[in-house]
Amino acid sequence: MPVEAFLSLRNITKAFPGVVANDRVTLEVRPGEVHALLGENGAGKTTLMSILYGIYQPDAGEILLRGRPVRIRSPRDAIVHGIGMVPQHFLLVRRHTVAENIALGLAGTPPLFPARQVQRRVEELGERYGLAVDPRAPIWSLSVSEQQRVEILKALLRGAEILILDEPTSVLTPQEALNLFAVLRRMKQEGHAVIFITHKLDEVMAVADRVTVLRKGRLVDTVPVARTDKRALTRMMVGRDVEVRLQKTPRVPEGEALSVEDVWARSDRGLPALRGVSFTVRRGEILGMAGVAGNGQREQVEVLTGLRRTERGRVRVLNRDMTNHSARQVFEAGVAHIPEERVRMGIVPAMTVAENLVLRRYRYPPFCRGQLLDLEEISAFARRLIAEYEIATPTPRTPARSLSGGNIQRLILAREFSGGPGLIIAAHPTSGLDVSATEQIHALLLQRREEGAGVLLVSEDLDEVLALSDRIAVIFGGEIMGIVPAAEANREGIGLMMTGQRP
Amino acid sequence: MMRVGPFEIERRPDPPLTWILGVSLLAILAAMAMSGVIFWSYGVDPLRAYGVIIRGTLFNAKALPEVVRFAIPMLLAGVGLVLAFRALFWNIGAEGQILAGATAATWVALFSPVPDALKLPMMFIAGFVGGALWGFIPALLKLRLAVNDVISTLMMNYIALYLVSWLVHGPWKGPEMRGFAFTNEFPPAAQIPLIAGTRIHWITLVLGIALALGVAFVLARTRLGFEIRVQGESSDAARYAGIDPMRTTLLVMLFAGGAAGLAGVGEVGGIHHRLLDPNQISLGFGYAAIIVAWLARGSPVAAILTSLFLGFIFTSGDVMKVALQMPARVTDVFNGLILFWLIGSERLLFYRVRWAPGRAVREPLPVGGAGADPGPPGISGGDQ
Ligand SMILES: Nc1ncnc2c1ncn2[C@@H]1O[C@H](COP(=O)(O)OP(=O)(O)O)[C@@H](O)[C@H]1O
Ligand SMILES: [Mg+2]
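One line per chain: the protein sequences are A and B, in this order.
Positions 1 to 503 (our numbering) are the ones given, in order, by the first sequence.
Positions 504 to 887 (our numbering) are the ones given, in order, by the second sequence.
Some hints could be false.
[Said to hold, decoys possible] Here are some chain A residues pointing at chain B (derived, C-beta under 7 Å):
1) R328
2) A350
3) R360
[As the list claims (entries may be wrong)] Label pairs and their computed distance ranges (CB to CB):
4) A:A392 - B:S848: 30 to 36 Å
5) A:E311 - B:P618: 57 to 63 Å
6) A:R24 - B:D739: 38 to 44 Å
7) B:L648 - A:R397: 38 to 44 Å
[What the hints assert, rightly or not] Example chain B residues on the side facing chain A (calculated, C-beta under 8 Å, incomplete):
8) D517
9) T725
10) L727
11) F729
12) R732
13) E736
14) D739
15) R742
16) Y743
None of these hints come from the bench; they were simulated from the model.
For clarity, every value in this text was computed on a predicted model and none was experimentally measured.
A virtual CB, placed ideally from N, CA and C, is assigned to each residue, including glycine.
Modelling step: build the complete structure from the supplied sequences, incorporating the hints.
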């Protein structure tokens with residue numbers, strides 16, 4: 001006899017222009033369970049939860065709470081119904097304290113000094129759920145995982161019985177993720193229901209009671225975690241078996257592709273972001289750089305690609321000094337750059353696919369003669385790359401912004417690899433991409449390594465770093481905590497370094 | 504996407520041409536409707552007024568060439584602004600650049616030892632340089648000191664205005680002008696020839712059309728044009744591609760200022776034959792050129808058409824004065840209203856409203872009082 005559903009979503013359908021994000025999805029959540037919502041990027045997980053939280057209205061379908069139909073028109077409605085959500089991007093006022101943030105907009109707080117009363121309750125709840133955080137600390141002084149705790153506390157204090165967490169572990173180190181799982185188990189014991197969005201199988205196995213799998217907006221199935229395994233879940237998620245281990249042939253690295261010596265740099269806000277970073281990447285080698293977001297990775301990539309000044313130290317690329325050279329000079333020296341901000345920096349959305357494919361090379365023959373662009377040459381080149389890299393675009397003249405994320409990334413890789421670079425700086429090359437695009441991009445990176453390019457792979461996805469790299473460097477607080485050969489690396493050791501402990 | 508009652512509103516980044524034209528037309532109609540109130544307050548029936556204006560300008564052999572005459576300065580300045588706006592430089596300073604060009608041309612016409620045969624070419628060159636310099640200064644201020652371009656170009660207008668004013672009241676005041684604040688009349692060699700029976704100084708007109716076509720070509724077919732487009736569409740991508748924003752912005756502003764300077768040459772060399780009060784040299788052409796560029800939506804060739812439209816509005820000012828006994832300055836109000844509606848309708852361009860009642864949500868009963876006060880749809884975290 002099944003436990004009565006606490007919350008049911010029935011046949012929820014939601015379409016966006018050109019895509020049905022949710023297609024008759026049904027989901028039941030019981031009290032006291034951690035319910036994982038599993039699916040690839042773009043499967044419709046966030047959309048479904050946004051409907052439940054009142055951010056979007058469904059095109060069709062209904063929501064039942066304790067068996068009664070409800071209409072959730074806004075997040076405020078959702079909270080009244082006891083539904084809380086920890087968004088992927090936190091909504092906190094950085095200058096205010098934890099208690100002030102929690103008191104903001106909380107019903108029943110006194111108009112004067114609202115934070116006072118909240119402080120006590122924050123401490124109480126923190127104790128009960130293992131969510132320790134100082135209510136008097138300003139938000140800016142907290143780590144990302146502490147900020148996440150604040151968001152959880154915020155939802156609990158508003159009386160959330162159902163808590164939705166959207167990819168909560170993407171900003172956490174492995175250890176922090178384990179702590180979070182402990183919190184979720186506490187909440188479960190207290191009778192809360194938790195909906196936990198993820199695309200990582202290990203996390204489902206570790207913490208969830210039941211799992212619902214979405215694929216391309218459709219419900220695949222809901223199964224108890226105890227009666228499934230990673231292999232079966234993968235097949236449900238992707239629709240086929242996936243080769244988990246990449247084909248990486250052993251390869252003896254050759255000469256030096258990149259050498260970074262005691263590099264110091266500041267962030268946009270003028271704070272020290274890199275503090276004496278040193279490492280080398282050899283040709284035919286992938287050096288993975290792991291670390292929690294915001295520990296200097298962005299600045300590191302920018303320094304290497306001519307987009308940020310080095311205050312001190314040397315950068316040598318393919319045996320030439322490239323310290324503080326311009327982006328153009330770095331490119332001309334044979335460096336490919338796959339930027340983190342795919343759409344903002346990697347392409348010009350309003351310009352055509354063909355124009356984007358020559359974004360780096362429009363000024364060199366054969367794409368121009370003197371000042372004149374050779375449009376014939378450009379379009380022939382574009383057609384060749386579109387075919388070679390399987391970029392799905394109606395025509396070379398289509399604006400790049402109408403491509404999907406995976407195809408935008410294929411466009412960027414096609415452009416960056418077409419010149420046969422000796423060094424590749426890849427920043428989060430597969431974040432937000434679906435499995436097939438991810439596979440293709442991994443294969444392309446490995447192929448370049450095979451052909452003798454050095455690759456610096458900066459990624460927050462530890463699995464990706466472990467699978468692709470020959471060696472792994474861990475960055476924390478703008479310093480390299482250690483560099484280990486991938487063969488000797490394990491998640492725990494790397495996780496420790498990600499929190500700032502040297503091996 | 505958002506739903507309002509039975510309507511769906513969705514974004515579309517590439518509106519079709521017909522929609523752009525439709526929205527622009529709607530903006531103009533809205534401006535006409537609002538200026539109708541002004542006609543009405545003067546005791547003139549707005550419908551009759553528009554009838555008189557259209558007959559008096561478009562169906563009048565004397566007035567029609569005036570449309571072209573007014574279009575010339577706005578075409579030149581407008582083409583420059585199209586380019587500046589494409590590079591995201593908010594040049595509000597075409598007015599000052601026109602005056603700077605007029606001043607430089609006047610110096611060549613009256614005070615330089617240039618031989619007669621070279622007078623006109625030198626006036627155009629000097630006018631271009633004068634305007635370019637006036638555009639160059641704010642560009643440099645923006646790039647070097649991050650001074651806001653809207654404010655600096657606007658302020659440069661006042662500097663030009665008072666400079667011209669001072670010149671015609673002071674050092675350049677013409678001894679032959681019996682106390683008027685004019686310079687002397689230009690010698691015949693410094694007067695731009697007109698098409699007989701009109702005030703169309705055709706050399707300037709040809710220059711304007713040539714520049715419009717030239718800019719279209721540069722944008723589409725040259726490296727510099729490619730760089731300007733990348734810079735204007737995404738400054739991050741430009742940085743990534745190693746495009747020097749200094750170089751593109753300076754070149755763009757030299758050209759934009761120079762083109763406006765040519766407009767100034769045309770006004771003093773073709774119409775007035777002297778430097779005079781700044782408000783008489785340019786009847787706000789530099790500001791009207793902003794509308795020309797905005798209506799042209801980034802297309803230099805379209806600026807030929809939109810400048811003619813603005814030329815029509817300026818001509819209609821004369822008709823209003825003569826046939827309707829209304830101040831010609833009402834056209835300024837009308838221009839202001841068009842710009843207001845155009846900018847206001849900008850959002851509308853990129854959204855589509857669809858009638859889609861079939862997909863409406865079946866409405867279950869709201870529970871408790873919560874449903875009574877719906878927050879705005881599509882806005883997350885409204886409760887935070
Ligand atoms: N606001 C939106 N407008 C248009 N399309 C959207 C919007 N939000 C999501 N989508 C599309 O809906 C699909 C599902 O997205 P999402 O729910 O974010 O997936 P997930 O969270 O599983 O990665 C994707 O194809 C995405 O591009
Ligand atoms: Mg998501």
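Going through the hints against the structure:
{"no.": "1", "hint": "R328", "verdict": "holds, 3 Å"}
{"no.": "2", "hint": "A350", "verdict": "holds, 5 Å"}
{"no.": "3", "hint": "R360", "verdict": "holds, 6 Å"}
{"no.": "4", "hint": "A:A392 - B:S848: 30 to 36 Å", "verdict": "holds, 34 Å"}
{"no.": "5", "hint": "A:E311 - B:P618: 57 to 63 Å", "verdict": "holds, 59 Å"}
{"no.": "6", "hint": "A:R24 - B:D739: 38 to 44 Å", "verdict": "holds, 40 Å"}
{"no.": "7", "hint": "B:L648 - A:R397: 38 to 44 Å", "verdict": "holds, 40 Å"}
{"no.": "8", "hint": "D517", "verdict": "holds, 6 Å"}
{"no.": "9", "hint": "T725", "verdict": "holds, 5 Å"}
{"no.": "10", "hint": "L727", "verdict": "holds, 6 Å"}
{"no.": "11", "hint": "F729", "verdict": "holds, 5 Å"}
{"no.": "12", "hint": "R732", "verdict": "holds, 6 Å"}
{"no.": "13", "hint": "E736", "verdict": "holds, 5 Å"}
{"no.": "14", "hint": "D739", "verdict": "holds, 4 Å"}
{"no.": "15", "hint": "R742", "verdict": "holds, 6 Å"}
{"no.": "16", "hint": "Y743", "verdict": "holds, 5 Å"}
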